[in-house]
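Number of protein chains: 2
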Amino acid sequence: MSGSSSAPPADELSAVTLTDSAAAGVAEAEFSQRVLIRSIIRRPDGGAGLAGQRVRVGGWVKKGRKQRAIAFLEVNDGSCDANLQVLVDAELVTTLGEVTVAQIVPTGTCVHVEGTLKVPPEGTVQRIELNVEKVLDLGTVNAAKYPLPKTKLSLEFIRDYVHLRPRTNAISAIARIRNALAYATHTFFQKHGFLYVHTPIITTSDCEGAGEMFQVTTLINDAEKLEKELTKIPADLEAAKILAKDKGEIVAQLKSAKASDAEISAAVSELKIAKENLKKLEEKSKLKPGIPKKDGKIDYGQDFFARQAFLTVSGQLQVETYACALSSVYTFGPTFRAEHSHTTRHLAEFWMVEPEIAFADIQDDMNCAEAFVKFLCQWLLDNCRDDMEFMVEKFDKNAIDRLEMVAATGFVRLSYTDAVAILEEASKEVNFENKVEWGIDLASEHERYLTEVKYKKPVIVYNYPKGIKAFYMKVNADNKTVAAMDVLVPKVGELIGGSQREERYEVIRDRILEMGLPLEPYEWYLDLRRFGTVKHSGFGLGFERMILFATGIDNIRDVIPFPRYPGRADL
Amino acid sequence: MSGSSSAPPADELSAVTLTDSAAAGVAEAEFSQRVLIRSIIRRPDGGAGLAGQRVRVGGWVKKGRKQRAIAFLEVNDGSCDANLQVLVDAELVTTLGEVTVAQIVPTGTCVHVEGTLKVPPEGTVQRIELNVEKVLDLGTVNAAKYPLPKTKLSLEFIRDYVHLRPRTNAISAIARIRNALAYATHTFFQKHGFLYVHTPIITTSDCEGAGEMFQVTTLINDAEKLEKELTKIPADLEAAKILAKDKGEIVAQLKSAKASDAEISAAVSELKIAKENLKKLEEKSKLKPGIPKKDGKIDYGQDFFARQAFLTVSGQLQVETYACALSSVYTFGPTFRAEHSHTTRHLAEFWMVEPEIAFADIQDDMNCAEAFVKFLCQWLLDNCRDDMEFMVEKFDKNAIDRLEMVAATGFVRLSYTDAVAILEEASKEVNFENKVEWGIDLASEHERYLTEVKYKKPVIVYNYPKGIKAFYMKVNADNKTVAAMDVLVPKVGELIGGSQREERYEVIRDRILEMGLPLEPYEWYLDLRRFGTVKHSGFGLGFERMILFATGIDNIRDVIPFPRYPGRADL
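Protein chains in written order, with UniProt numbering: chain W, 1 to 571; chain F, 1 to 571.
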């Protein structure tokens, strides 16, 4: 164990490459009694140099076949996309109990085995295989009942088995790519001195006055509990009345019998308790079933947080409080939209990366966004080559080319006004569904045209019309546009949206009022402008969009482990 | 920009140390037009070697005073706990507009300035200061209204100003420590080949059948919308009836006037639309206001996810689906409890780290937990020395000693049975509030006794009685205990709870039934045991508990940026 080491050298940090064991030998999977299949198979020599080594391996059978008394198993442990061929003799299996060798070949079987690595006979594809000498544990599968047999399954089909689909090649490759992008995100911002801030999931603020929000409440549960209690109340009340009467009579009897002070005071205190209990029940019996109301409206004073609470739609406003104190910060967490979107691009629960930088203007913001996207692309090229090659083979032949292009190319920067001029010119030849004119919000088809057709590289459009953007964006000197920017990339269109924030108190207050929003919920936000205000900027990157961009996968439901959308929240 | 670099060398990775600029000069805060104050003041020479350099700096005034025509400002930018002394001549300020030099000295003022670093006169504390030559931006403060003046403020007081409290020394130091622990967490698991998995926040599973859960719903909002619509229905219905009648008459007239087919069919289609609209309104008018019910119960079929949904209390069960496919995984995300706890140790929203390891037993699990905690402690010692020294000075004189002890000491491992024997022996001398006997759940006082009094170091207690633990824990051969383990540390008691999971299908099914839980919601979880089952283990670390342990802060509400607890969810 290397528990007491400090920051490890970079080559150890990368979970998805194999640098250490390539030279030295196999890599132990620490805290688990086996070596990583990656460390055998992903060496430059395909593992051949390890012949003769005794290793322990664990994983799941991808494909298996029985030939005479030997099981040939292609085993995968999730450490990489490749499988290790594992040979198990029937005798070794049968000694374990009532298992037969035929029972360990079905797809999905779990094997935990020990053996010696050897070079297979000439003419086979693999350059190393494991000759098992001891079977440690087996987890069999009833092939007739297993929902994910080895036949090719569509992403749509396996979506109904979110608990088993990580065992498929596609979902496990996506999981490794997602993991790499998450760690690359933290590495990028930490390297640049940003602090990671956990903004709240439950919020009492509404980020933009837009976006449907999920409500978080205990009122319904409390109402159901109360309803159950109320049905018991009449009987309890009757019993409590009798008890209080009895206790009263006892006191009276003791007094008239001139009992001792101790006896009387004991009886009095019992009477007191009985009366208090009765009073509580009487009060409770007056409660009405259902969600509590006050003046005809739901009484959120009785909800868990004593006010109406929601799931956050963005951590931006909250993280600004930390940017206005600690300068460079970011959040990376789940966000929510209760919109009934059934598209391939929307989820009710998704992850967002939101940096926020003090003393930074819109140019700095664009510089940061561009550097971040390039860093993510380069990270995948450096650390996920195998999984990216799998994506190219199975899903999108351009996936690696796209990453290389973005990592190596300067992003085009274009004002909204220039973008509209280009699109107006283009619409003489291209048939856009949505008419282009200054003032519209660019539609997806316009964004895709700019990045995929016109420039064939990432495009940042900035300085959008004030009327189509949020109140917190900095009003430019022209008083017509705001310092907003969107990063558009081939394949997904808008990947990032950001802006310089309006730091002038009077201007932002007026913008809130102009938009018909109430001031009160934003008083804390206005405080950031009242007290020591600072120029600052930030943006949001939709994490799943980034994965769609990287992998070429079409449906967002396949790039998040547990997708949530209207009508569906499995597990 | 270094956007296209791959994994950076380790010394660049650490956001909270200064290695690069110590030798070479000041460090630019990238994507923001200034240098980091940390890179000036936290050099081994205190910055003296930078005299003569021209730099741009931004930050907030911690303390300021005016002496003749010069403002002496101690400025902090959040990059470290130390301030840079900044000298501003009145003339530079007044040229900026209507600001006077007296207006820039209040605590909380934001300054963005350019100037030359110089060595201050003999006899001053600081070894470098900034002589301002140009004031770029100012954000003033009305000192009379600013809630956080420079007087010493209690943590409790500033809790009412969550949006401004990151500007205080204590909260900013805690924010840097929290950030460091979060990045250390990712680094530890990535280094050991674990994949980061985003388990769902919105869930339709209940992890343990215990723990109060928050409900996530759109039913209340939908009901309120419907209620508003229903009030308008009578009028709309009346209008729709008239319209339909009119359209019908028009058709009749056209027909009797033998109008053209085109005219008639146009009128017919208008009539059709009017009739459809009327039908919709009639259907809507039959809806009852309030939350939809079916058979006397709330009809969750009409909720967003078509069933009842909650906020997760733990990602464990879900992340097991990934462990049973990709071997070594972890989650790090927010979790929720709707419990009315008003203690200094509970939050309604808190963050948890939950690794899950396939092919690992309870011993491996303890090894992982111990290595992880040690790694976190050493990381803080290596990367947060200044902030830890601040904690020692202001909050807990033992904070650094405790980190050093844990990083360097092997954890005691003690079976529950042995722990109870020790506590029974101890109870002859120590007055425990809760009686000790085999079978009880250890109380906090017992845990604290073991780790703080008896061993004075971290203690792992394992193999707890079956009856007090969750259904998913592996039943030991004695059939009395389960392979559960808790890591106890001085100052906070239980820091980690974990277990080997029951991988035997029949055993876990029977345990679910034994506990009176329904099988149906756990069918997916049982599938992991039906198909290719695997020995696996994992644990959960309460992230805020770790911060309490590290910093010595007493109240959990002070170590999370936006605390949520009964009656309170600011922002």
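The hints are simulated quantities; they were obtained by calculation from the structure and are not laboratory data.
You may find that some hints are simply not true.
All copies of an identical chain are treated as equivalent in the list; a pair is satisfied when it fits inside any one copy or across any two copies.
[What the hints assert, rightly or not] In silico DSS-like cross-links for lysine-lysine, where the CA-CA straight-line distance does not exceed 25 Å:
(1) Lys428 x Lys457
(2) Lys456 x Lys241
(3) Lys297 x Lys232
(4) Lys428 x Lys255
Hints versus structure:
no.	hint	in the structure
1	Lys428 x Lys457	within (22 Å within a copy, 76 Å between copies)
2	Lys456 x Lys241	neither (83 Å within a copy, 56 Å between copies)
3	Lys297 x Lys232	between (27 Å within a copy, 18 Å between copies)
4	Lys428 x Lys255	neither (105 Å within a copy, 46 Å between copies)
The structure shown violates the earlier hints numbered 2 and 4.
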